[in-house]
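Residue numbers (this note's numbering), protein chains in the order written: chain W, 9 to 357; chain Y, 9 to 357; chain V, 9 to 357.
Some hints could be false.
The list cannot tell twin chains apart, which means a pair is met if one copy fits it or any two copies do.
[To be verified] The calculated BS3-like cross-link candidates involving lysine-lysine, where the alpha carbons are at most 30 Å apart (straight line), are:
1. K59 - K25
2. K59 - K306
3. K306 - K25
4. K59 - K83
5. K59 - K276
6. K59 - K341
7. K306 - K83
8. K25 - K83
9. K25 - K341
10. K276 - K83
11. K341 - K83
12. K276 - K207
13. K25 - K207
Honestly, the hints are just simulated from the structure, not real lab data.
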Amino acid sequence: MAQSTARTYRLGEIVAKLGGELVGDADIDIRRMATVESAAPGDLCFVTHSKYLHQLRGTRASAVILARAQRNATKLPRILCDDPYLYYAQAAALLSDEERPSPGVHPQAVVETGAEVPASATVGPFCHIGRGARLGERVVVGPGCTIGEQAQLGEDGRLGPSVTIYPRCVIGRRVLIHAGAVIGADGFGLAPQAGRWIKIPQTGRVVIGDDVEIGANTTIDRGALDDTVIEDGVKLDNQIQIGHNVRIGAHTAMAACAGVAGSSRIGKHCAIGGAARIMGHIEIADHVTIAATTFVTKSIRNAGTYSAVLPAESEREWARTVAHLRSLERLAKRVRELETRIKPKKRKR
Amino acid sequence: MAQSTARTYRLGEIVAKLGGELVGDADIDIRRMATVESAAPGDLCFVTHSKYLHQLRGTRASAVILARAQRNATKLPRILCDDPYLYYAQAAALLSDEERPSPGVHPQAVVETGAEVPASATVGPFCHIGRGARLGERVVVGPGCTIGEQAQLGEDGRLGPSVTIYPRCVIGRRVLIHAGAVIGADGFGLAPQAGRWIKIPQTGRVVIGDDVEIGANTTIDRGALDDTVIEDGVKLDNQIQIGHNVRIGAHTAMAACAGVAGSSRIGKHCAIGGAARIMGHIEIADHVTIAATTFVTKSIRNAGTYSAVLPAESEREWARTVAHLRSLERLAKRVRELETRIKPKKRKR
Amino acid sequence: MAQSTARTYRLGEIVAKLGGELVGDADIDIRRMATVESAAPGDLCFVTHSKYLHQLRGTRASAVILARAQRNATKLPRILCDDPYLYYAQAAALLSDEERPSPGVHPQAVVETGAEVPASATVGPFCHIGRGARLGERVVVGPGCTIGEQAQLGEDGRLGPSVTIYPRCVIGRRVLIHAGAVIGADGFGLAPQAGRWIKIPQTGRVVIGDDVEIGANTTIDRGALDDTVIEDGVKLDNQIQIGHNVRIGAHTAMAACAGVAGSSRIGKHCAIGGAARIMGHIEIADHVTIAATTFVTKSIRNAGTYSAVLPAESEREWARTVAHLRSLERLAKRVRELETRIKPKKRKR
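With the rest of the complex left out, here is chain W:
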């Protein structure tokens, strides 16, 4: 929604703002971050592991971010710091500083009576802001978004295009939601009656804390009676599905295509791998890591890493593995039979 500004920084300015030790010419101009391989003059690059240091030899970058221990790995102007990856994140934020779109409601947006849109907010074309909805200061709503009645979006929030916030959902400050995400659609609540499904009205909300990021086309269902809760600092990648009444603890990150079924509670500071699935009605402790594609079927009480990853093999090898897997019953039986035929050593004596 906004063009990058063309602002350049002198290397010394970057260090003045972000810290670290500068070695070399403080006056060179830095235009943007780049990878070591694709950097051009005016670019700042970074190396996170010593095994990649050799790539520095051919780089055209003007400067590089390095760990303190790598002080002598190059003759380029360099910033030495404790955590080059974190420094990269901070320098990239500084250099890519996006121009904020001008505040104001686009003439082709519809803001219903009783909705609060502060003068500092930006509402794009084709947005619908429902009755009683409240946007915080400096909120930016991309084109084509729908904000339901009485929904709230905290200050400095940013919605990409075509995001839907259903009625009454509450979203904290500095929340970033990418295109196509749907917050607060009905949870999947059905009661069986004589072979048919009776819909259970979903009257809870989605409540999202501060500093949360939600990926493109991710869906978070509203609660059945109580709320679905996403705590502060949670980061959700694209195409994630969060069922009704789930709670996700603060600062947990989930990679793309992960899913959490209804009423489960995930702890704080967890890392959920891509396409991992969490069964409904279970609890996962704080500081748990779930490997990508893994299905968690019961509660996890202790921090640690959990997995059920089956790595791909060549079709032929895999077919043999599956055949053996299928005949484990028979194999176990054959071993039992052998055991009955052979007396244990101790009995032999």
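We have chain W; now place chains Y and V onto it with these hints.
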């Protein structure tokens, strides 16, 4: 799109409408459903299993729905019934009765010539209703929806925001479709030609029965030549993918992130777990349950439950399991070798 | 967006355009393609495998496409060719030839200053075309799309409804993108700092080649620093997730719900099955086939088929398999114990 009405019911009124046996004061006012734990005065709660009865002790609810056998489990005013979960569904529907949005086409919607929109229908802002499309009585179309040419949407249908119905698709009565769902995009039909893919035009439709619910960001592809068919009463959760020419039998429910590849037929009254996958060109009988995350690779002829769930373990345990799995070939060989060395008992004689 | 034309072709005209050998009456009128089972008079059907030839007996089709070897399988007028499936694709394209929507920008679309929209392009209602964006000749943009600043969409591109193209993404010629797809949202880049996540600005682009198809609700993230690249002729089905800095080689096809994590490179002419997952930072060679639902955890250097498919079994059988899987450690131990008890044959001598 609509605010909840503030209508309250006396407990006796609820029983008069929904049945069940009332024990206690018929005149107390009930405002809404709530969980036992979060209920406040004015709330009606419910208990579905006797193991949760102990929670009733601390509840602040004004009344509770119980199974007939639990008549004496509390002194609270109570409704006794055969199926508390079903009763909850019905009571919640009664109490949450949504105000219908006012009928009419929003001035910022575009209705093409030849489209039929009855006076009782509601069309939100930024909707596009294509030439020859037909909406039934009392249909509600949320903001930003696209209804393609000659598509049909039966009476009392409701579309959330940003739903897409592609041309010529036919949708039955009382169908509820949540935000971002896409009905009738092209199926994935490709013919290989000299290392390239030639697109096969997808000229079939999607035909959806009555009383179907379709979750947020779910996609249902149109047929290649014949139609993709979703029968009456099917319930699809969020982010489900239905390939071209699939048929899903009446009253089947599928949990989030499930997928069905092209041309498969799923029976009636099936329950497909979250993230389960159904291979293309197979058939699944009626009354089949598929466990979450399970991949069905061939037709299932008999009712029952099917699974291939691998539950997560601690990373260390799992690594050992995988190592053993990979060396099954060797283990089987060692057992064979042992067998050749040990004569079977019967031969010993 | 467009109605099918009612144009019919004589069978001889089809052969004149597409090749093949005509047997029978060249003058019959063909209105559309159909399956053998559902064909009506005026329809052209096709048979790809000899095992389906028996279905021809009851067909009401006016003509049929057959392999040359099947010349005598029917008395119907027929087209003999090398590859009936490919011929079907081509004939269907001929017969379903869609009417192009009239060019022009809908009065309810917003085109920002400096965007280039040629007179031959069609822009639907409720589209937002950002500053400096460039559409090629004859591009068709469906209702409710957002094209970000300085994005480019090559000639003859077609976007379904509610597609989002984020700023600066570059899309080639003849690219077809279905409803709800999101191109160029931020990749999932986070640096940990004292238990919180610091967002890494995603400043790369998505660059898409010519003749690419992208399915409904598919998401392709922009690169962190360098670009995410989708090469010519790639075909992506619905609900696919492509992480930042991925490269997908030319003419690779991926079925629905597949996902590729960040920075992986997939070769040319690969076939990735539905719901397959590719780990981040790995490479897959050209001409690799990945079975549906399979998780690829490390680089694949050689062409071939790879799998980790676990087929569903009845719940009871599966429970036994899992129990055996879990006790493999014990089984292996028991075999070791038997081996210590039985001297190998060679030692016996």
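Original post:
How do K59 and K276 come out at 30 Å by Cα distance, when the copy is not named: within, between, both, or neither?
Top reply: between (32 Å within a copy, 29 Å between copies)
**OP:** Could you figure out if K25 and K83 sit no more than 30 Å apart (CA to CA) within one copy, between two copies, both or neither?
**Re:** within (23 Å within a copy, 66 Å between copies)
Original post:
How would you classify K25 and K207 at a CA-CA limit of 30 Å: within, between, both, or neither?
Top reply: between (56 Å within a copy, 17 Å between copies)
**OP:** Have a look at K59 and K83 and pick one of within, between, both or neither, based on CA distance no larger than 30 Å.
**Re:** within (18 Å within a copy, 71 Å between copies)
Original post:
When no copy is specified for K341 and K83, does a C-alpha distance of 30 Å or less occur within a copy, between copies, both, or neither?
Top reply: neither (68 Å within a copy, 57 Å between copies)
**OP:** Using 30 Å as the alpha carbon limit, work out where K306 and K83 are close: within a copy, between copies, both or neither.
**Re:** So K306 and K83 fail the 30 Å test inside a copy (54 Å) and across (35 Å) alike.
Original post:
Is it within, between, both, or neither for K59 and K306, if the alpha carbons may be no more than 30 Å apart?
Top reply: between (39 Å within a copy, 19 Å between copies)
Original post:
Between K59 and K341, at a C-alpha cutoff of 30 Å, which is it: within one copy, between copies, both, or neither?
Top reply: The answer is neither: 50 Å in one copy and 40 Å across copies each exceed 30 Å.
Subject >> Copy assignment of K276 with K83, given that the CA separation must stay at most 30 Å >> reply: neither (43 Å within a copy, 39 Å between copies)
Original post:
For the identical chains here, do K25 and K341 meet the 30 Å Cα criterion within one copy, between copies, both, or neither?
Top reply: Classified as neither; 70 Å inside a copy, 61 Å across copies.
Original post:
With identical chains treated as interchangeable, where does the CA-CA distance between K59 and K25 reach 30 Å or less: within a copy, between copies, both, or neither?
Top reply: Classified as within: same-chain Cα gap 29 Å, cross-chain 59 Å, threshold 30 Å.
Original post:
Is it within, between, both or neither when you check K276 against K207 at 30 Å Cα-Cα?
Top reply: between (32 Å within a copy, 18 Å between copies)
The structure shown violates the earlier hints numbered 3, 6, 7, 9, 10, 11.
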